[in-house]
Amino acid sequence: MSMLLSRRDLSFLLYEWLDVESLTKRERFSLHSRETFDAVLSTCERIATERFAPHAKKSDEEEPKLVDDVVVLPREVKPALAAFAEAGLVTAGMGAEVGGMQLPMAVEKAGFAYFLAANVGTASYPLLTIGAANLLLAYGSEEQIERYVTPMTTGHTFGTMCLSEEHAGSSVGDISTRAVPSPSGDRYRLFGSKMWISGGDHELSENIVHLVLAKVPGGPPGTKGISLFAVPKWIEGAGGARVRNDVSVVGLNHKMGYRGTVNALLAFGDGKHTIDGEAGAVGELVGELHGGMKAMFHMMNEARITVGLGAAALGSTAFLHSLAYARSRPQGRKLGERDATTPQVPIVAHADVKRMLLAQKAYAEGAIALGLYCANLVDEARTADTEEARDEAKRLLEILTPIAKSWPSQHCLEGTSLAIQVHGGYGYTRDYPVERMYRDNRLNPIHEGTHGIQAMDLLGRKVPMQGGRALFDLAARMRATIARALAVRDEGSQRLAGALEAMVARLGEVTAKVLGAGDPEKILANAAVYLEATGHVVLAWTWLELALVAGKNMGRAEDSDFYRGKLAACRYFFAYELPKVGPMLALVESLDTTTVTMKDAWF
Amino acid sequence: MKILVPLKRVADPDNANKVKVNAGKLVTTGLEWKPNPFDEYAVETALRLTENGTATKTRQGEVVVVTFGPKDSETTLRAMLGTGADRAIRVDTGDDQIDGDVVARALKALVEKEKPDLVLCGKQAVDGDSGQVGQQLAEYLGWPQATFAGSIESEGDKALLVGREVDGGTIKLRVELPAVVSVDLRIVAPKSVKSVHTPATHAYPEGVRFAALMAIMAAKKKPLAEVKLADLTSDAAPKIQYLDYELPPARKAGVKVKDVTELVTRLKTEAKVV
Ligand SMILES: Cc1cc2nc3c(=O)[nH]c(=O)nc-3n(C[C@H](O)[C@H](O)[C@H](O)COP(=O)(O)OP(=O)(O)OC[C@H]3O[C@@H](n4cnc5c(N)ncnc54)[C@H](O)[C@@H]3O)c2cc1C
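These protein sequence lines are chains W and S, in that order.
Heads up: the first sequence is residues 1 to 603, going by our numbering.
Heads up: the second sequence is residues 1001 to 1274, going by our numbering.
Note that these hints are calculated values from the structure, not bench results.
Glycine included, C-beta positions come from ideal geometry on N, C-alpha and C.
It is possible that part of the hints are untrue.
What the hints assert, rightly or not - Heads up, simulated SDA-like pairs for lysine to any residue below, C-alpha to C-alpha not over 20 Å straight-line:
{"id": "1", "chain 1": "S", "residue 1": "1239", "chain 2": "S", "residue 2": "1096"}
{"id": "2", "chain 1": "W", "residue 1": "58", "chain 2": "W", "residue 2": "79"}
{"id": "3", "chain 1": "S", "residue 1": "1220", "chain 2": "W", "residue 2": "27"}
{"id": "4", "chain 1": "S", "residue 1": "1220", "chain 2": "W", "residue 2": "30"}
{"id": "5", "chain 1": "W", "residue 1": "334", "chain 2": "S", "residue 2": "1251"}
{"id": "6", "chain 1": "S", "residue 1": "1034", "chain 2": "W", "residue 2": "559"}
{"id": "7", "chain 1": "S", "residue 1": "1220", "chain 2": "W", "residue 2": "249"}
{"id": "8", "chain 1": "S", "residue 1": "1071", "chain 2": "W", "residue 2": "38"}
{"id": "9", "chain 1": "S", "residue 1": "1034", "chain 2": "W", "residue 2": "34"}
{"id": "10", "chain 1": "W", "residue 1": "78", "chain 2": "S", "residue 2": "1206"}
{"id": "11", "chain 1": "S", "residue 1": "1057", "chain 2": "W", "residue 2": "154"}
Said to hold, decoys possible - Simulated coverage check for chain S against chain W, where a stretch passes if three residues somewhere in it have a Cβ under 8 Å from a Cβ of chain W:
{"id": "12", "segment": "1100–1109"}
{"id": "13", "segment": "1216–1222"}
So here's chain W without its partners, still in its complex pose (with noise of 0.2 Å):
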């Protein structure tokens, strides 16, 4: 059994639950089966095991050093990638035309996952490519796809997302890096620094094409003057020639995780690399001017939802490990056994451990199964036959997107913390590897977009948003859902589903009332609650699709331990975690504002 995914669960939530072989009878999917899916799953699984993971530790371990102003990497870095653009996994999901094999996103990304499971800081070198490429094929010109795509989808350029400055990280809008048009306008010249890129410089490729948020001098201000530059570490001279590019590494960032992902200080345009004997990093305008947060927002939506299926991914892994060290540590014996000259039980018989198991599975699978259902919905707003089903599945995507990051990075983060209190002072050692699964996941509620920022975007504006409409349809959903369990007929059934039903009907009283609270100060004091409450009943909903499936096809099917599994988690979910919505909801209602009369002097 890999001790990174459970592939019995992969193949439940793509095939018994998503039925992502439907989507074959689709034009874009109709050269994939369900064996073609599998082999792909079969290939990642191979490669992330044995290419990505046994080098995790020492990535973890020799942290990357600037020497010489070269960023020295353990070596087994670049041949894992290469094994990853070699087995055309670059282009999995990408189209025929640049060479794509078109998977559907749910199976690319289950794909994914394994590397994120394996070596989080080594797969972070491709995410970042992938979402790079994709945003240029959205966004960029023919020649700019030729220009950087291609290299990418071969594994010779990465990519890179260059948003944040040391004073400008949540507050996109105050970015001081600046783009000059050259005098002919097909060019320009960047200034400024970016902090926290990562990936920023490396030799593992070629070339690096940097995507930039920069101002053009005499825009609006803030968000709505920034524009997205592809700005190279090489670009090409006269006659072909190499040109180093007036990009530089200022100095690396020592991280408490994720490690073997390169994070690094640029900057653009000191004038270490002059061209043309002038100082400037040149860049490539992509889109339209002062449309760079449109567009580099396509690359942060995919990178939400992979950095949510990451925390899930290391949760899920964590999980595993703690599982076979609760099934293999012996320690005491069950309640009411007096002889103590009886053998020690292992520590998976206690009802304690298997509630920190249990909480675990609950976590991770239901993350992996929430990020699956979200690139899922990426193939529905692409292909789904009608506009209008296209449409219902774009807005879900967008108020499911900060639920599918925030989530996952604040449960598996504690799933996490529980796989180390399952292996009790073993797990706070370094002998073991759930520690470091815990240091990587730490980076999750952080990163592209923080918690808070992510409650914000939910409540300030998906929910808002088109008069609450993508809200209705999630709700809606999770009726449907609802409905079916209702018409299971056996009580458990039925009682999760009124269960559910009674927290949607809270939920939609609760926004109504907060979002008519009139002063953005108050309705957003608590987004982070409403996040959290939201995110439950995500979970709640998701828990109980999976168990419809599971109670559906455990009677025809022998192993029954799997789907009895599910049940179990399920329950799990219902009973130590749906009720915590309740207070959640109560505090948001209230309109408390502790938090926004508190005073700083008041600390």
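Following the hints, complete the assembly by docking chain S with the ligand onto the known chain W.
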């Protein structure tokens, strides 16, 4: 060179804790299947022998994979077509239990039809660990055989120089083709296999190659034929009867002994090991 590789799928050995026995039979439902690792090495070896290491995409021969099993065992064959095998044959056995001898006899008939220059097989399947098919097949065919190969070098596709690991060193055997060769783990080391075209300095990545996504798509179009077991051998009755299966006994708890004397006594009288 034309190479035939028999391939068996086995229940994922990592899931051994899921294996259940019911009324003296193994319950196979719900098990995850994997190609027998030694057979995967055999396929990798066959691919290396039929290509020029530095230009792996140009094939210099044919690799035919064959399995015995029900319809869904075709997944295993497709997977091998995805890594580079050219053609596949499934000998339909339904869910019937067969033994190595049936497989060897049926393979003999298949070899006579397909006329490969070489049959390459894994040294054993990791489920039953019988390790007999290759040897039996060679016997039935009257072909030379070399077992447990750790290295293979093709001599003009007329003979193979096969390295076998033995205590204290390696024996090299020259086998004239056609022949049956079974392979061991070391065969997938970077420099273990040399075709007539492989440059002397070439080194493969360690292990078995991955199926690239494009190759997976291409594999859908590669030929996969179905043959009935009865068409290959008139006598498909297994010689080996499996009477019963039982799971290994669970480990019992240890006991503490007071001193060495007691330990020795108990090792003598109870464990009877000294
Ligand atoms: C390992 C790592 C990798 C990264 N990779 C990249 C990358 O590749 N490219 C890139 O562009 N960036 C990257 N980032 C940057 C990341 O996106 C930012 O760190 C993040 O957006 C937060 O910005 P900040 O660090 O400046 O914190 P701040 O914005 O200063 O936030 C500090 C705290 O204040 C809160 N806060 C801020 N503003 C508000 C507000 N208006 N209302 C309420 N609360 C608020 C935040 O939620 C947070 O808790 C990376 C960061 C890390 C740590």
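Comparing the hints with the structure gives:
1. Of the pairs offered as hints, the one joining residue 1239 (chain S) and residue 1096 (chain S) holds, with about 14 Å between alpha carbons and a cut-off of 20 Å not exceeded.
2. Distance check on the hinted pair: residue 58 (chain W) and residue 79 (chain W) sit about 15 Å apart at the alpha-carbon level, within 20 Å; holds.
3. Distance check on the hinted pair: residue 1220 (chain S) and residue 27 (chain W) sit about 18 Å apart at the alpha-carbon level, within 20 Å; holds.
4. Proximity of residue 1220 (chain S) to residue 30 (chain W) is assessed by CA-CA distance (about 13 Å); at most 20 Å being required, the pair is judged to hold.
5. At most 20 Å may separate the alpha-carbon atoms for a hinted pair to count; residue 334 (chain W) and residue 1251 (chain S) meet this at roughly 18 Å.
6. Straight-line distance between C-alpha atoms of residue 1034 (chain S) and residue 559 (chain W) comes to about 17 Å, which keeps the hinted pair within the 20 Å bound.
7. At most 20 Å may separate the alpha-carbon atoms for a hinted pair to count; residue 1220 (chain S) and residue 249 (chain W) exceed this at roughly 47 Å.
8. The hinted pair formed by residue 1071 (chain S) and residue 38 (chain W) meets the criterion: a straight-line CA distance of about 16 Å does not exceed 20 Å.
9. Of the pairs offered as hints, the one joining residue 1034 (chain S) and residue 34 (chain W) holds, with about 16 Å between alpha carbons and a cut-off of 20 Å not exceeded.
10. For a cut-off of 20 Å, the pair hint linking residue 78 (chain W) to residue 1206 (chain S) stands: about 16 Å separates their Cα positions.
11. Under the criterion of a C-alpha separation no larger than 20 Å, the hint pairing residue 1057 (chain S) with residue 154 (chain W) is consistent with the structure, at around 17 Å.
12. Counting residues of the segment 1100–1109 of chain S whose CB falls under 8 Å from any CB of chain W gives 0; the rule of at least 3 is not met.
13. Beta-carbon proximity to chain W at under 8 Å applies to 4 residues in the segment 1216–1222 of chain S; the threshold of 3 is reached and the given coverage holds.
The structure does not agree with the numbered hints 7 and 12 stated previously, though it agrees with the rest.
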